[in-house]
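Participant: Sequence:
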Amino acid sequence: MRNRDQIWDIVDAHGADFAALSDRVFDTPEIAYTEIASAAEHAAMLRASGFRVTEGVAGIPTAMIGEAGDTGPDGGPVIAILGEYDALPELGQEAGLAEPKPVGGQAGPGHGCGHNLFGAASMLAAVALRDYLAETGVKARVRYYGCPAEEGGAAKTFMVRAGAFDDVDAAITWHPSSINAVDDAVSLANSRIDYTFHGRAAHAAGAPELGRSGLDAVELMNIGVNYMREHMPDDARIHYAYLDAGGTAPNVVQARATVRQLIRARDLAGLRDLIARVDKIAEGAALMTETRVERRLVSGVSNLIGNRVLEETMQAAFERLGPPVFDARDRAYAEAIRATLTPDHVAASFRKVAMTPRMDLPLADFVAPLERPHLGSEGSTDVGDVSWAVPTVQARVATCALGTPLHSWQMTAQGKSPAAHKGMIHAAKVMAATARDLIEMPALLHAAKKAHAAFLAAQPYICPMPDEAAPPIPPRPVAAE
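Per the working numbering, the sequence shown starts with residue 1, numbered consecutively.
These aren't lab readings, by the way, just hints derived from the structure by calculation.
No residue lacks a Cβ here, since even glycine has one placed at the ideal position from N, Cα and C.
Keep in mind that the hints are not guaranteed to be accurate.
[Claimed, not checked] No more than 20 Å apart at the CA atoms, straight line, and that leaves these computed lysine to aspartate or glutamate pairs for EDC-like:
1) Lys450 with Asp467
2) Lys280 with Glu312
3) Lys450 with Glu440
4) Lys416 with Asp27
5) Lys450 with Asp167
6) Lys139 with Asp167
7) Lys449 with Asp467
8) Lys416 with Asp17
9) Lys449 with Asp12
10) Lys416 with Asp167
11) Lys101 with Glu335
12) Lys450 with Glu312
13) Lys101 with Asp12
14) Lys280 with Glu290
15) Lys416 with Glu335
16) Lys449 with Asp437
17) Lys416 with Glu94
[What the hints assert, rightly or not] Here are the computed distance ranges between Cβ atoms for each label pair:
18) Ala48 with Gln459: 38 to 44 Å
19) Ala454 with Arg272: 19 to 25 Å
20) Leu456 with Thr248: 16 to 22 Å
21) Gly56 with Pro466: 20 to 26 Å
22) Ala332 with Pro466: 48 to 54 Å
23) Glu335 with Arg272: 34 to 40 Å
24) Phe366 with Ala269: 56 to 62 Å
25) Arg295 with Thr136: 27 to 33 Å
26) Ala245 with Glu335: 26 to 32 Å
With the hints as constraints, model all of the structure from the sequences given.
Facilitator: So this is what it looks like as structure tokens:
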């Protein structure tokens, strides 16, 4: 039987193959629900690794589950390892540079959140755990969940709603970062809602009294939301984007305009309250402009809930392993990236883990302590809904220079670097070791599930996406004959 930490050797044995997978996903960046090439790469790798693959999970063509291990009635616990592979619009960037340079000179999609690394590391962890179970004879099942559309698409919310996690005992995941830490499990619940105002077109000079402007309604709605900001919780957020401003001709009264409101709150109850207030503002804007408002819920995700047992288990594995080991070449490139950032960017990386900034450190050489102040959330994630369905834990692992902001060209630029590959392989080791400990120490898994059940007994889960809401899957292009 292997030494308990030799699962890391198994990860290393497969590491090069999965670094190559992350590079292929990087080179074919695809945004929410269009990850056709990336999903195909992941499904092919799962099958080549001997996993039983189910595609089209929750009716989403680019979502999948790969399972390995004992399938009998006494097959042991089911451990889920979550992966992602979607990109962001307008963050395309040539890899390996320290200056902004969109691929082909155009700002197409790019992996500005590192999800090319995310999915590859998670599958690597699942493959290593599969090998470990086969070699040791330990009974358990490991599943890789290929999850598309995290960036604004809430695919995991739909997967949870469809029951894809109903028989899972625990879920493990990670995210590329500039730091090494067990995640705070603090995020904001959010909903994206499109408000379309329908009015009446008219000649803006010849007969303006006949027009009813959808654009006026959108602008009045935004003013109302701005006034609401003073009267909502400090950690709530509302952002907006014009999806349709009604046209480009100022001499035409715009008959239709659409604004997307992204509403965030500390938890699901607070989110529902804010949404109701924003809905009233939209109705008021429609009344003021004599237009009609149409509301469409695009996506919704829950806030993360933590699980102390899983967090302590992952922290112990992380501390045994230590941080990723970077070399002089990695540090030199990180320094070049850091030259494009400000001291405030660097300080923000340390602030996330309540540590004193070190301006001389290009790459994180530490694992943050688990016992630290929680200084608030940096955003939202559909991992939140998984955390309501099953006990869940998440790591942050350094794949980029300290100070690198997510959703930036700097993050994309570092996505195929040697440091990024080292970080993603390191993340796989942390996840695989955490899963192995949960399988081999049933008391840990029992305690984690008991704590999760107690939380839900006090605060039952209400899915932020109602049954009638469907994933916004775009039609696939028809191939030319």
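Participant: Tell me, in ascending order, the numbers of any earlier hints that this structure violates.
Facilitator: 1, 2, 7, 9, 10, 13, 20, 23, 24, 25 and 26
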